[in-house]
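Please put together the full structure from these sequences, using the hints given.
2 protein chains.
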Amino acid sequence: MDVRTICLGILTRGDATGYEIKKLFEDGGYQHFVEASFGSIYPALNRLTEEGLVSVREEPQEKRPDRKVYSVTPSGRAALIGTLMKALPEDRHRSPFVFAMLFSDLLPGERVRALLDGYIALSAQKLAQLKLKSTDDMRPGERFAFDLGETIYTATLDFLEKHRAEFDRQTPQAAE
Amino acid sequence: MDVRTICLGILTRGDATGYEIKKLFEDGGYQHFVEASFGSIYPALNRLTEEGLVSVREEPQEKRPDRKVYSVTPSGRAALIGTLMKALPEDRHRSPFVFAMLFSDLLPGERVRALLDGYIALSAQKLAQLKLKSTDDMRPGERFAFDLGETIYTATLDFLEKHRAEFDRQTPQAAE
DNA sequence: GTTTGCATGTAAACGGTTACATGATTGG
DNA sequence: CCAATCATGTAACCGTTTACATGCAAAC
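Sequence lines, in order, name chains A and B. Residues 1 to 176 in our numbering are what the first sequence lists, from first letter to last. Residues 1 to 176 in our numbering are what the second sequence lists, from first letter to last.
Rather than coming from a laboratory, the hints here were simulated on the basis of the structure. Take these hints with a grain of salt, some might be off.
Unchecked claim - Here are the simulated DSS-like cross-link-like pairs (lysine-lysine), alpha carbons at most 30 Å apart as the crow flies: (1) Lys162(A) / Lys86(B); (2) Lys131(B) / Lys126(A); (3) Lys22(B) / Lys126(B); (4) Lys86(A) / Lys162(B); (5) Lys131(B) / Lys162(B); (6) Lys131(A) / Lys162(B); (7) Lys22(A) / Lys126(A); (8) Lys86(A) / Lys126(B); (9) Lys162(A) / Lys133(A); (10) Lys162(A) / Lys126(B).
Shown next, in the form of structure tokens:
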């Protein structure tokens, strides 16, 4: 899903500025499925405005750039639904960690253990973060997304902790 | 991980042509973590050759373009290890499916069920594919990658099958 | 006194995909 | 007869990231 569609989706849940959209991406509990930088959000918002899928109202502020609050228009809402009715692109999971593990036999045992421990810590942290964001007033779709995320992180952590020991006695090896 | 590094990694396991690398990506059991098109593989291989990280030997063929078989050089091997010793970029998982589910309340129940069933079928297929590729003679890192993949797919499928019913009685809704 | 938060934006660079060009062979 | 497999490559395009520009206020 491109940034354009993601912005449209977020705005369907309520008005927001570009800045707020970024925040929602990062710690609204959506960070596991999507992410984007300002450099892509602001242009996306401008394009959506040009196309009439969202509207802007400017709230002047002193000593700061004006807040530009975006709202979805009826045709924006229709466009989002239209996108979700068509065939979706496939999920893509890119894992530099797994890629590195594929070559664990070329790396010093120390490094492999650091890789594993780092990944375990990160996953645990993400899981904790996710649990914090979970509330009772979620829509079914949101509930679904959160619980699926939790399931996957839990299964991953479980697996990693079970298999971590297998890499404990690896032959130390020279790097480079 | 960029295509360049992935090619380097694959070649570390044995010589191959660009065409074969693509095949390995697709159905060597790595398709869950990485993927790339010819348009990125061939230029990557040329760049690696320029930089002296791989070498080429051309095998002339009749009625077909010459096979260009690539091998890693010692400095290529060192470069791969060097990359894996440095801090790795974070995993990124982009799921248009989960994104769509986030808006299930805006979609006709029919569509939501189709989305779920489609995703279940796809995951089941991927899992089956993964199991087929699993062999006894894998390196520990490969074994790890495969088993982790299996774990995640299994947990996902399990979750989906358990929660599918929740979307069965959704209010039908007009789209567009 | 430095970092973080608020707030918007642009330009260059990057990495990648898609589509195209070419063409024989084999299998269904 | 058509699709797939083998085999390499280029060019246009696309979406995104990174770095830059600007600047005050509040918190640490």
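Practice problem: Starting from Lys131(B), check that the Cα of Lys162(B) is at most 30 Å away, please. | Solution: 22 Å, holds
Quiz item: Do the alpha carbons of Lys86(A) and Lys162(B) lie within 30 Å of each other, as the hint requires?
Solution: At roughly 25 Å apart (the allowed maximum being 30 Å), Lys162(B) and Lys86(A) satisfy the hint.
Quiz item: Keeping to a limit of 30 Å between CA atoms, is the pair of Lys22(A) and Lys126(A) held or broken?
Solution: Roughly 18 Å between the alpha carbons, so the hint for Lys22(A) and Lys126(A) holds.
Quiz prompt | Straight-line alpha-carbon gap Lys86(A) to Lys126(B), limit 30 Å | solution = The given pair, whose Cα atoms are some 22 Å apart, holds under the 30 Å limit.
Quiz item: Is the Cα-Cα distance between Lys162(A) and Lys126(B) 30 Å or less?
Solution: 23 Å, holds
Quiz item: Straight-line Cα separation of Lys131(B) and Lys126(A) no greater than 30 Å?
Solution: Roughly 28 Å separates the two Cα atoms, so the pair holds.
Quiz item: Is Lys162(A) close enough to Lys86(B), meaning Cα to Cα at most 30 Å?
Solution: Roughly 25 Å separates the two Cα atoms, so the pair holds.
Quiz item: Taking only the CA atoms, is the gap from Lys22(B) to Lys126(B) under or equal to 30 Å?
Solution: 18 Å, holds
Quiz item: Does the alpha-carbon distance linking Lys162(A) and Lys133(A) stay inside the 30 Å limit?
Solution: Holds. Lys162(A) to Lys133(A) sits at ~27 Å (cutoff 30 Å).
Exercise. Assess, step by step, whether the Cα of Lys131(A) is no farther than 30 Å from the Cα of Lys162(B), and give holds or violated.
Key: Distance ~20 Å between Lys131(A) and Lys162(B) Cα, so the pair holds.
Hint check: no violations occur; every hint is consistent with the structure.
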